[in-house]
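Novice: Build out the structure end to end from the sequences listed, making use of the hints.
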Amino acid sequence: MSDVTKEQLLDFYKTMLTIRKFEDKAAELFAAGRLPGFVHLYSGEEAVATGVCASLTNKDYITSTHRGHGHLIAKGGQVDKMMAELFAKVTGYCKGRGGSMHIADVDLGILGANGIVGAGQPIAVGAAFANQYLKNDAVSVCFFGDAASNRGTFHEALNLASVWKLPVIFVCENNRFGISMNQKDHMNIVDVSQRAISYGIPGVTIDGNDVAAVYETAKDAISRARKGEGPSLIECKTWRHYGHFQGDAGLYKDVQEQEEWLKKDPILKLEEKLKVLNFAKDTELKEIRQQIQGQIDAAVAFAENSPEPSTEDVLADVYAP
Amino acid sequence: MKKMTYAEAIRDGMRVEMQRDANVYIAGEDVGKFGGCFGVTAGLFDEFPGRVLDTPISETAIVGHAVGAAAAGLRPVVEIMFIDFMGVCMDELFNQAAKMRYMFGGKAKVPMVVRTPCGGGMTASAQHSQCIEAWFTHIPGIKTIMPSTPADAKGLMAAAIRDDNPVMYIEHKQLLAMSGEVPEGEYVIPLGKADIKRAGSDVTIVAWSWMVHKALAAAEQLAKEGINAEVVDLRTLVPLDKECILQSVAKTNRLVVVNEAVRTSGFAGEIAAIVVEEGFDLLDAPIVRVTALDIPVPFNAKLEAVYLPNETKIIAAVKSLF
Chain A
52 MSDVTKEQLL DFYKTMLTIR KFEDKAAELF AAGRLPGFVH LYSGEEAVAT GVCASLTNKD
112 YITSTHRGHG HLIAKGGQVD KMMAELFAKV TGYCKGRGGS MHIADVDLGI LGANGIVGAG
172 QPIAVGAAFA NQYLKNDAVS VCFFGDAASN RGTFHEALNL ASVWKLPVIF VCENNRFGIS
232 MNQKDHMNIV DVSQRAISYG IPGVTIDGND VAAVYETAKD AISRARKGEG PSLIECKTWR
292 HYGHFQGDAG LYKDVQEQEE WLKKDPILKL EEKLKVLNFA KDTELKEIRQ QIQGQIDAAV
352 AFAENSPEPS TEDVLADVYA P
Chain B
850 MKKMTYAEAI RDGMRVEMQR DANVYIAGED VGKFGGCFGV TAGLFDEFPG RVLDTPISET
910 AIVGHAVGAA AAGLRPVVEI MFIDFMGVCM DELFNQAAKM RYMFGGKAKV PMVVRTPCGG
970 GMTASAQHSQ CIEAWFTHIP GIKTIMPSTP ADAKGLMAAA IRDDNPVMYI EHKQLLAMSG
1030 EVPEGEYVIP LGKADIKRAG SDVTIVAWSW MVHKALAAAE QLAKEGINAE VVDLRTLVPL
1090 DKECILQSVA KTNRLVVVNE AVRTSGFAGE IAAIVVEEGF DLLDAPIVRV TALDIPVPFN
1150 AKLEAVYLPN ETKIIAAVKS LF
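Sequence lines, in order, name chains A and B. Residue 52 is where the first sequence starts when you use this note's numbering, and the numbers rise one by one after that. Residue 850 is where the second sequence starts when you use this note's numbering, and the numbers rise one by one after that.
Hints listed in this document are in silico derivations from the structure and should not be mistaken for laboratory results. Remember, it's a predicted structure, so these values are computed and weren't measured experimentally. Using N, Cα and C, we set each Cβ at its ideal position, and we do this for glycine too. Hints should not be assumed to be uniformly reliable.
Unchecked claim - Part of the chain A face toward chain B, derived, beta carbon under 8 Å:
id, residue
1, Y144
2, H153
3, A155
4, P173
5, G203
6, E207
7, N210
8, A331
Specialist: Quick look at the structure:
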């Protein structure tokens, strides 16, 4: 942890707070019936996307999941265009054609959130192959959940990545649940990272609520990948605060366990750290919180005031010209 | 012009595009040193070092990685050894490749080709003989090509690789050894252009892939009996050359559609529907489909012959219109 600077930690704090405030606002809007479609919230898992994406540039690719808002923000997505997409407006990242589960921006290296669990894995491998083929030093990162490591895509993607020695980092966000199913009921191992052994690649399990630990671990894996040393699997143990989707009360979660994990909230942990290290005072943190809340509120206003897509354009962009 | 087989013509199409564009590469099972299960990629492994890649037996990763590579700037041409294996990688094709551009608001492009052989008549039974092109034509965002001659195979391969969309390039196993004149060097046939393989005035027979040759053979027989059939080879199913079909029916006023696939929900039904909707007044007789039976492809050669469309069935269908 020693080489994580004050500036970096404060940057992490801002990113994580942006994600949290975005998600809390999305929850509120959805509950009020103001958002169409489905939303799957990332609250509680912010340290993973933030710590990993801190070592990526726009040339690096990520593939995201149905629970993708956090990855997009951490990879440089603008909250106003994201919020507009949640509102299905033409100013959104996908012009209102994709929605929460399909937000993407290829220019930022974001190959999309995805409505199919596990679908990002082979896509990330392909982007990594393009990086290797073009010899451009870029890497790709594949975010996925514990349950997605049960998909066949996981096996085929990790196997191909390992035999082709591709610059890809598989980041498992183990939030302990595949929708409602507890990890202990959907796989017979405790650590998803053990699966790396089958592919002859490094696999580690870390505290996914400790952003500095995520940053350090991911940085090493990304550096290995950039040097041509092949893929890695990082399992980040974490917890989602909300249900699988908005509207799911999460009654399958053990109440005591939920309370314990809420105490390990990655943002609270980081606030404590910033204060212990004397990097920030309460007043400064409060100021950051207010500033970010202002950005989120502005994003909602932008989204609400944006026009809907024109029905005349409904046929556009099915095919590239 | 040079005489080459359909398989050689596909290879020549890929070779010319690989020479033109360093971002074109080939990947698939046994496509490297082995040259592909049907020999289509033979020699390319040595000709293009590092650009013809063997993959594990992992159809999901083959098509799925192509989606990511294409979105990241390359032009993959991947081989799925038999079209029957597409079920293993359908999500990668229909939910990922096909929808990426639209879902992303037009920002992404996915220029990838999936080459795969289809078709029966080889006693290869139910999991190695199918014609499932209708699966792909039912997915907006994908183009579907089914060439019937060596020259078309080459020209359409070039167009497929240059296209900025996912393309299903469906070869026919019965045609791989067929020989024909093929233009040398760069040769591109635009997608969405049907080809009249035999001009006629009495009945239109629409077909594609291997069935074009069955239709042509039937047309020769019919000519001896005084029926002059026009054979329209669709070449690409999506985009579809509706005008060519309707113009032909306007001339002949009769339509038979021949499709090697099983009958129910097949692409022959789509052609019939289009002609009924847009050319009903042109018709002097009902539209007749000649298709395979609605059964899994049987192994026994006699049973398979009953399953498949053939010249006799086409001739009978045509005669029923007069």
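Novice: None of the hints should be skipped; say for each whether it holds.
Specialist: How the hints compare with the structure:
Taken as an interface hint, Y144 of chain A checks out: its beta carbon lies about 7 Å from the nearest beta carbon of chain B, inside 8 Å. At a threshold of 8 Å, the smallest CB-CB gap from H153 of chain A to chain B is about 4 Å, leaving the interface hint in force. Interface hint status for A155 of chain A: upheld, as the beta-carbon distance to the closest one in chain B is roughly 4 Å, under 8 Å. Given hint, P173 of chain A at the interface with chain B, holds; its Cβ is 2 Å from that chain's nearest Cβ, closer than 8 Å.
Residue-level restraint check for G203 of chain A holds (minimum Cβ-Cβ distance to chain B is 6 Å; threshold 8 Å). Because the beta carbon of E207 of chain A sits about 4 Å from the nearest beta carbon in chain B, less than 8 Å, this interface hint is met. Look at N210 of chain A: its Cβ gets to within about 6 Å of chain B, closer than 8 Å, so that hint holds up. Below 8 Å, beta-carbon pairs count as interface contacts, and A331 of chain A has none with chain B, the closest being about 38 Å; its hint is therefore violated.
Hint 8 from the earlier list is the only one contradicted by this structure; the remaining hints agree with it.
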